[in-house]
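Student: Sequence:
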Amino acid sequence: MAGERYRPREIEPKWQRYWASEGVYRTQSEADQPKYYVLEMLPYPSGVLHMGHVRNYTIGDALARYKRMRGFRVLHPMGWDSFGLPAENAAIKHGQDPRDWTRSNISEMKRQLHSFGFSYDWECEISSCEPEYYRWNQWFFLRMWEKGLAYRRKAAVNWCPECATVLANEQVVDGCCWRHEGTPVQQQEREQWFFKTTAYADELLDSLEDLQGGWPDRVLAMQRNWIGRSAGTEVDFALEGDGDLIRVFTTRVDTIFGATCLILAPLHPLVQRFGFGDRGQEMATAAATKSPDDLEKEGFFTGRFAVNPYSGRRVPIWVGNFVVMGYGTGAIMAVPAHDQRDFEFCRKHGIDVVPVIRPADGPLAQSGSISEAYCDYGVVENSGKFSGLESAAAIDTMGALAEAKGFGKAAVTYRLRDWGVSRQRYWGTPIPMVHCPSCGVVPVAERDLPVLLPANVSLTGTGESPLKAVAEFVRVNCPRCAGPAERESDTMDTFVDSSWYFYRYADARNDGAPYAARKARAWFPIDQYIGGVEHAVLHLIYCRFFTKVMRDLGLVEWDEPVLRLFTQGMVIRDGRKMSKNLGNVVSPEALVEKYGSDTARMFSLFAAPPDRDLDWQDDGVEGMWRFLSRVHRLVRDSLARCSGPSGQPRCRADRACLRKLHQTIDHVTADFESRWHFNTSIASIMELTNALRARERALTDGVLHECLRRLAQLLGPFAPHLAEELWHVLGGHGPLLAATWPIADPELARENSVQVAIQINGKLRHRLTVPKGLPKRELSARARKTERIGALLAGKTVRRVIEIPDRLVNFVAN
RNA sequence: GCUGGAGUGGCGGAAUUGGCAGACGCACUGGACUCAAAAUCCAGCGCCCUUUACCGGGCAUGAGGGUUCGACUCCCUCCUCCAGCACCA
Numbered sequence: 001m002a003g004e005r006y007r008p009r010e011i012e013p014k015w016q017r018y019w020a021s022e023g024v025y026r027t028q029s030e031a032d033q034p035k036y037y038v039l040e041m042l043p044y045p046s047g048v049l050h051m052g053h054v055r056n057y058t059i060g061d062a063l064a065r066y067k068r069m070r071g072f073r074v075l076h077p078m079g080w081d082s083f084g085l086p087a088e089n090a091a092i093k094h095g096q097d098p099r100d101w102t103r104s105n106i107s108e109m110k111r112q113l114h115s116f117g118f119s120y121d122w123e124c125e126i127s128s129c130e131p132e133y134y135r136w137n138q139w140f141f142l143r144m145w146e147k148g149l150a151y152r153r154k155a156a157v158n159w160c161p162e163c164a165t166v167l168a169n170e171q172v173v174d175g176c177c178w179r180h181e182g183t184p185v186q187q188q189e190r191e192q193w194f195f196k197t198t199a200y201a202d203e204l205l206d207s208l209e210d211l212q213g214g215w216p217d218r219v220l221a222m223q224r225n226w227i228g229r230s231a232g233t234e235v236d237f238a239l240e241g242d243g244d245l246i247r248v249f250t251t252r253v254d255t256i257f258g259a260t261c262l263i264l265a266p267l268h269p270l271v272q273r274f275g276f277g278d279r280g281q282e283m284a285t286a287a288a289t290k291s292p293d294d295l296e297k298e299g300f301f302t303g304r305f306a307v308n309p310y311s312g313r314r315v316p317i318w319v320g321n322f323v324v325m326g327y328g329t330g331a332i333m334a335v336p337a338h339d340q341r342d343f344e345f346c347r348k349h350g351i352d353v354v355p356v357i358r359p360a361d362g363p364l365a366q367s368g369s370i371s372e373a374y375c376d377y378g379v380v381e382n383s384g385k386f387s388g389l390e391s392a393a394a395i396d397t398m399g400a401l402a403e404a405k406g407f408g409k410a411a412v413t414y415r416l417r418d419w420g421v422s423r424q425r426y427w428g429t430p431i432p433m434v435h436c437p438s439c440g441v442v443p444v445a446e447r448d449l450p451v452l453l454p455a456n457v458s459l460t461g462t463g464e465s466p467l468k469a470v471a472e473f474v475r476v477n478c479p480r481c482a483g484p485a486e487r488e489s490d491t492m493d494t495f496v497d498s499s500w501y502f503y504r505y506a507d508a509r510n511d512g513a514p515y516a517a518r519k520a521r522a523w524f525p526i527d528q529y530i531g532g533v534e535h536a537v538l539h540l541i542y543c544r545f546f547t548k549v550m551r552d553l554g555l556v557e558w559d560e561p562v563l564r565l566f567t568q569g570m571v572i573r574d575g576r577k578m579s580k581n582l583g584n585v586v587s588p589e590a591l592v593e594k595y596g597s598d599t600a601r602m603f604s605l606f607a608a609p610p611d612r613d614l615d616w617q618d619d620g621v622e623g624m625w626r627f628l629s630r631v632h633r634l635v636r637d638s639l640a641r642c643s644g645p646s647g648q649p650r651c652r653a654d655r656a657c658l659r660k661l662h663q664t665i666d667h668v669t670a671d672f673e674s675r676w677h678f679n680t681s682i683a684s685i686m687e688l689t690n691a692l693r694a695r696e697r698a699l700t701d702g703v704l705h706e707c708l709r710r711l712a713q714l715l716g717p718f719a720p721h722l723a724e725e726l727w728h729v730l731g732g733h734g735p736l737l738a739a740t741w742p743i744a745d746p747e748l749a750r751e752n753s754v755q756v757a758i759q760i761n762g763k764l765r766h767r768l769t770v771p772k773g774l775p776k777r778e779l780s781a782r783a784r785k786t787e788r789i790g791a792l793l794a795g796k797t798v799r800r801v802i803e804i805p806d807r808l809v810n811f812v813a814n
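Under the working numbering, residues 1 to 814 are what the first sequence spells out, in order.
In case anyone wonders, no lab produced these hints; they're calculated from the structure.
Remember, it's a predicted structure, so these values are computed and weren't measured experimentally.
Just so you know, not all the hints are guaranteed correct.
[As the list claims (entries may be wrong)] Okay, derived cross-link-like pairs now, DSS-like style, lysine-lysine, Cα gap no bigger than 25 Å in a straight line:
1. K196 x K409
2. K577 x K594
3. K763 x K785
4. K147 x K196
5. K594 x K14
6. K154 x K580
7. K580 x K594
8. K154 x K14
9. K763 x K776
10. K196 x K154
11. K297 x K348
12. K796 x K785
13. K348 x K290
14. K93 x K468
15. K35 x K519
16. K93 x K580
17. K385 x K409
18. K405 x K385
19. K14 x K35
20. K776 x K796
[Claimed, not checked] With beta-carbon atoms standing in for the labels, derived distance ranges:
21. W139 x S29: 19 to 29 Å
22. D574 x V754: 21 to 31 Å
23. G23 x P161: 55 to 65 Å
24. V307 x R153: 24 to 34 Å
25. D701 x R576: 43 to 53 Å
Note that beta-carbon positions come from the ideal geometry of N, C-alpha and C, so glycine has one too.
Work out the full structure: start from the sequences and follow the hints.
Tutor: Below, the structure written as structure tokens:
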């Protein structure tokens with residue numbers, strides 16, 4: 001290497017080949033070592049690696065490498081979330097087969113990942129669009145069907161009348177079709193498949209507590225919010241005229257004597273029965289396309305009445321656009337005096353306002369003088385025998401009465417709904433079900449899995465799932481009666497694929513089961529999961545749900561798949577998220593081309609702590625390139641004059657550099673073990689480099705050599721190619737990853753003198769260099785003896801002296 | 001509206017339990033090397049006052065208050081920005 005410049009384009013491929021030939025990334029399965037499963041969220045194979053990927057995988061790779069060097073056996077896999085809409089869109093746009101498109105994207109992205117030298121064990125690679133993988137989606141579906149956790153019911157889908165096709169939620173933008181701006185998406189009812197996530201709502205919520213500390217607070221908060229547990233009361237109002245009941249859900253049953261009408265959601269079944277179906281449809285569509293802020297509270301009277309079971313009061317039944325069918329019972333009692341939304345609605349439509357709650361320390365409001373609802377708890381009034389109770393007590397008492405009399409009960413409602421997994425799409429896992437005219441819905445026999453996704457399917461929209469038009473796919477014999485039947489043509493949501501993929505990594509080539517229990521046990525739970533916060537709810541709830549279902553199916557013995565979750569920040573450039581649409585992307589490929597992947601990795605770790613947003617600056621990348629070049633040059637120049645690893649420390653410079661070295665080892669190690677502030681790890685490695693560069697000529701050969709070797713090791717997790725190069729140049733044997741991580745020696749790291757701040761009344765007045773550990777009295781005595789402090793304290797009375805050894809002295813004086 | 005997070009030089013960011021604010025890097029300025037440029041190396045670099053210079057002083061971590069010998073850090077009030085959820089009954 002003597003005389004050569006830092007040339008990553010030569011170094012990096014060289015060591016990538018070396019790592020491959022040495023098999024250094026192979027997962028050790030039987031070794032007698034503690035395990036560590038580090039997992040990064042698997043990418044969708046768009047074909048292009050972006051900076052967000054690079055940041056994510058660089059963090060994971062640094063950790064995986066560090067853990068290996070700490071003696072763990074590490075599982076660090078990678079795969080492809082390869083079903084999904086983009087492949088289908090590409091097919092429609094360019095006439096390309098989704099399978100070909102996806103596979104070529106995968107090989108392209110894999111090439112890019114390789115160019116970064118990430119330490120993945122590619123033996124574990126999975127791709128969810130391959131039958132070897134998705135057959136197990138089908139297998140899980142059947143297990144869930146058997147348990148009643150997969151079921152079918154009617155639900156609304158998004159329908160674009162222009163495309164004449166069903167839209168995925170992500171194809172709906174502001175209530176309109178993504179391709180036909182201005183065309184409102186219609187809601188159509190269809191039979192669809194659901195997973196019963198609500199059966200686990202309580203547990204999904206409760207076990208969030210176990211994740212506390214290991215998961216970011218904001219993710220826990222988002223999940224809590226998403227599950228949205230709300231305790232209240234269900235009350236049945238009797239429909240006047242026939243004996244039918246209208247059930248409402250309320251968290252404030254204590255206000256029920258103030259209920260002056262019922263309001264139904266526009267899509268409530270009764271609305272149709274009362275003859276207002278079309279009007280309701282219209283209202284629902286109008287409401288769906290507007291944001292809550294600028295939606296006026298519209299509604300109409302149905303002409304019908306219902307009876308309040310508590311008060312016997314007869315109240316009108318209205319339909320209101322702010323009541324949604326999907327939450328609670330789709331019907332509410334309106335208490336305008338004590339709910340702001342109800343107040344606005346009732347005032348607008350001339351409905352009575354009846355106050356029944358007064359503040360604990362104030363009078364009941366006069367119904368005519370109310371200008372906004374009083375929503376706090378208080379004391380119940382004008383409510384028959386409940387008058388005089390505190391709100392909380394009234395809620396309990398009134399709930400108990402309802403239950404005793406049979407017109408209601410305490411109830412818990414969730415925002416979380418069952419997971420709709422049906423997609424009227426081609427590029428997904430076929431749902432393994434058959435519709436038989438005589439047997440009904442029948443599961444495909446397990447031995448007939450996988451239900452293969454047919455090739456060469458026409459994707460031009462007919463309005464149905466593209467599979468519906470494939471006769472040889474649809475036409476089957478009923479698995480039960482063998483009569484002619486029809487195969488289910490919906491495919492599964494791709495979130496199903498990613499809900500259990502990490503189990504498959506543990507046993508990726510198993511063709512008799514999703515994985516062998518023994519192998520999963522060897523790796524689970526996942527020690528560290530790393531990914532973007534955009535998956536805080538959907539993916540990260542679904543995968544928790546799956547593990548709980550798998551546990552109840554006897555497939556795993558733990559409750560949660562992920563012990564620790566880390567969510568990295570976004571990559572920002574020019575003040576905005578890096579994205580193709582904004583035209584502010586930096587291509588990782590171009591970076592590797594220009595500076596090498598080590599520079600890109602180092603910069604992405606150095607520019608910000610990993611959990612915060614990263615502000616991308618091209619100048620900063622340049623600076624990192626210069627740093628790595630300096631390290632390279634330092635080693636090259638040192639080797640030219642250093643005779644080798646011999647010689648004991650003997651001079652001041654030796655001791656200073658060894659001290660810096662061990663402080664750096666300590667710092668970097670501590671960062672890995674706790675905070676993951678790799679920006680400061682790298683800063684400290686820079687300081688070490690600066691110290692070595694400044695003293696290089698003064699150092700004893702042995703010390704210089706030792707420092708450089710350790711420097712290479714410290715760089716290993718962050719800039720693995722350069723580190724490997726230096727390691728070998730410095731005489732290291734075998735791959736750097738196989739070398740043991742250095743341990744800081746506290747004796748060598750110890751400073752023997754420190755600068756102490758001398759303050760007078762809290763203001764810095766002097767600095768004093770003293771031996772480390774100098775005891776308190778002596779510290780202030782020395783400070784007083786200095787000319788400067790002596791002069792400043794002359795004529796003053798020192799009232800108090802604060803002494804913190806090795807840090808500061810503060811004279812409180814006047 | 002609710003929930004979570006963040007406000008520190010020209011910029012990205014340091015400051016592990018309250019103890020010298022601004023580590024490290026970028027940008028910038030000056031110098032060395034060079035015929036010249038690039039690269040590299042050396043030095044300086046929060047703001048204001050003072051000074052020929054050295055020295056010295058004051059002000060500064062979104063704003064205001066509090067606790068403390070001492071606050072970027074703890075407490076209270078408020079402002080701004082980002083993210084997620086949202087007529088959720």
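Student: Next, verify each hint and record whether it holds.
Tutor: Verification of the hints:
1. K196 x K409: This hinted pair holds, its Cα atoms lying about 23 Å apart.
2. K577 x K594: 23 Å, holds
3. K763 x K785: 18 Å, holds
4. K147 x K196: Roughly 10 Å between the alpha carbons, so the hint for K147 and K196 holds.
5. K594 x K14: 17 Å, holds
6. K154 x K580: Since the Cα atoms of K154 and K580 sit roughly 38 Å apart, the hinted pair is violated (cutoff 25 Å).
7. K580 x K594: 21 Å, holds
8. K154 x K14: Cα-Cα ~58 Å, so violated.
9. K763 x K776: 19 Å, holds
10. K196 x K154: 14 Å, holds
11. K297 x K348: Satisfied, since the Cα-Cα distance of roughly 8 Å is no more than 25 Å.
12. K796 x K785: 15 Å, holds
13. K348 x K290: With a Cα-Cα distance of about 20 Å, the restraint between K348 and K290 holds, given a limit of 25 Å.
14. K93 x K468: With Cα atoms ~21 Å apart, K93 and K468 stay inside 25 Å; holds.
15. K35 x K519: This hinted pair holds, its Cα atoms lying about 12 Å apart.
16. K93 x K580: 19 Å, holds
17. K385 x K409: It holds: about 19 Å lies between the C-alpha atoms, which stays within 25 Å.
18. K405 x K385: Holds, because 15 Å separates the two Cα atoms, which is no more than 25 Å.
19. K14 x K35: 29 Å, violated
20. K776 x K796: Status holds; Cα separation ~21 Å.
21. W139 x S29: 19 to 29 Å: Between W139 and S29, where Cβ atoms are some 24 Å apart, the hint holds.
22. D574 x V754: 21 to 31 Å: 44 Å, violated
23. G23 x P161: 55 to 65 Å: 57 Å, holds
24. V307 x R153: 24 to 34 Å: 31 Å, holds
25. D701 x R576: 43 to 53 Å: Holds: the Cβ-Cβ distance is about 52 Å, inside 43 to 53 Å.
Going through the hint list in order, the structure does not satisfy hints 6, 8, 19, 22.
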